[in-house]
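Make a model of the complete structure from these sequences and hints.
Whatever position you read off the sequence shown (first residue = 1), add 115 for this note's numbering.
If you are wondering where the hints come from, they were derived from the structure by calculation, not from laboratory data.
Hints are supplied without guarantee of correctness; some may be wrong.
Below, simulated DSSO-like cross-link-like pairs (lysine-lysine); rule was C-alpha separation at most 27 Å, straight line [claimed, not checked]:
1. LYS369 / LYS181
2. LYS369 / LYS236
3. LYS181 / LYS377
Ranges of calculated distance between the beta carbons of each label pair, as one might list FRET restraints [what the hints assert, rightly or not]:
4. ASP287 / ASN150: 39 to 45 Å
5. ARG354 / ARG238: 16 to 22 Å
6. THR207 / HIS312: 20 to 26 Å
7. ASN357 / GLU292: 30 to 36 Å
Glycine residues also receive a C-beta, built at the ideal position from the N, C-alpha and C atoms.
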Amino acid sequence: MDWDAASIATPPPRYDLESDEEEIAPDNEVVFHPNLQLLGDMPALLERSLVVLLGNVGTAVMLASKRIFPEVACIDVDSHGRIASVHAPFDTQMPCVLSVPQAETIPVVIQSLIAKLVMEKMRPVSMVIMQGYTEALYCNSMGLSETDSSFQPLRYLSNVPMNASPTRPSSDVAPWETPNSLSGCGAAFFMHAVYRHTPVQIFCVPSAQVAPHPNYQRRLMHFVAPHGHQSLSSDEARRRLNTLIPPLEEHHLKTLGPMLGKGSEACDGSSSLLVHALLATLATRPSVESLGEGGMYI
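Right under this line is the structure:
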């Protein structure tokens with residue numbers, strides 16, 4: 116067999132789509148740069164401990180605490196309105212509470228920006244993050260976990276030793292294991308806290324709810340209060356949230372509840388964080404009109 120020495124010596128052909136030049140976006144391409152603002156009583160938020168409550172788990176922790184959580188600040192994104200609310204007690208020894216009720220619906224590009232804004236503006240001295248994880252998809256040393264969340268422990272991840280952590284977990288809390296990966300707003304807050312050398316812990320609560328994949332997240336919902344909800348009381352919001360948000364296991368609440376602190380509420384706040392959590396929850400639920408148009412909700 117004759118070999119073509121010339122064809123062997125030459126490199127493989129280059130295609131028209133390949134290029135060594137850096138790709139430059141065309142002038143008519145629209146690049147999304149959301150504008151985030153932290154609005155409210157900024158002096159009350161500076162250099163304090165911070166508890167970040169994400170999704171239904173965070174709302175369930177607030178409901179179990181039997182507190183009102185008046186809002187003193189909020190995070191606003193362009194024309195989308197409020198996507199997070201902040202509560203700051205008068206007692207500076209108590210932590211501030213940041214609630215992101217529907218964290219799963221926030222696009223990935225905004226998740227990191229929210230965490231960066233909070234770290235830059237509030238400069239927390241320590242941080243505790245609470246979010247859910249799907250126990251049916253969690254892999255441990257024995258393989259996939261059981262399907263009953265009542266038998267699953269809280270999972271934690273910390274950037275400091277447990278004996279130096281701002282809050283020490285109880286004995287029924289297990290460390291987060293590989294090869295499982297953290298994602299969403301919780302991972303964004305944890306990452307920015309690590310970059311700033313801030314003591315941080317993230318507690319993941321087992322849940323039967325499957326979170327949407329980051330590549331298939333829904334659009335950012337409008338959390339502007341609809342007509343008739345401006346005067347909604349915190350008691351009414353609590354009653355309605357109890358019908359929408361599944362409660363947490365008692366042994367999980369014994370660990371998470373004390374992290375919110377005990378003491379008097381901030382009296383200068385406007386409406387309750389529970390009201391905003393209710394509006395956010397209702398905004399992400401399908402309406403009767405959407406079901407009539409062929410949508411399906413299970």
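How the hints compare with the structure:
1. LYS369 / LYS181: holds, 14 Å
2. LYS369 / LYS236: Outside the cut-off at roughly 31 Å; violated.
3. LYS181 / LYS377: holds, 11 Å
4. ASP287 / ASN150: 39 to 45 Å: holds, 43 Å
5. ARG354 / ARG238: 16 to 22 Å: Cβ of ARG354 to Cβ of ARG238: about 36 Å, so the range 16 to 22 Å is violated.
6. THR207 / HIS312: 20 to 26 Å: For THR207 and HIS312 the Cβ distance comes to about 22 Å; the hint holds.
7. ASN357 / GLU292: 30 to 36 Å: holds, 33 Å
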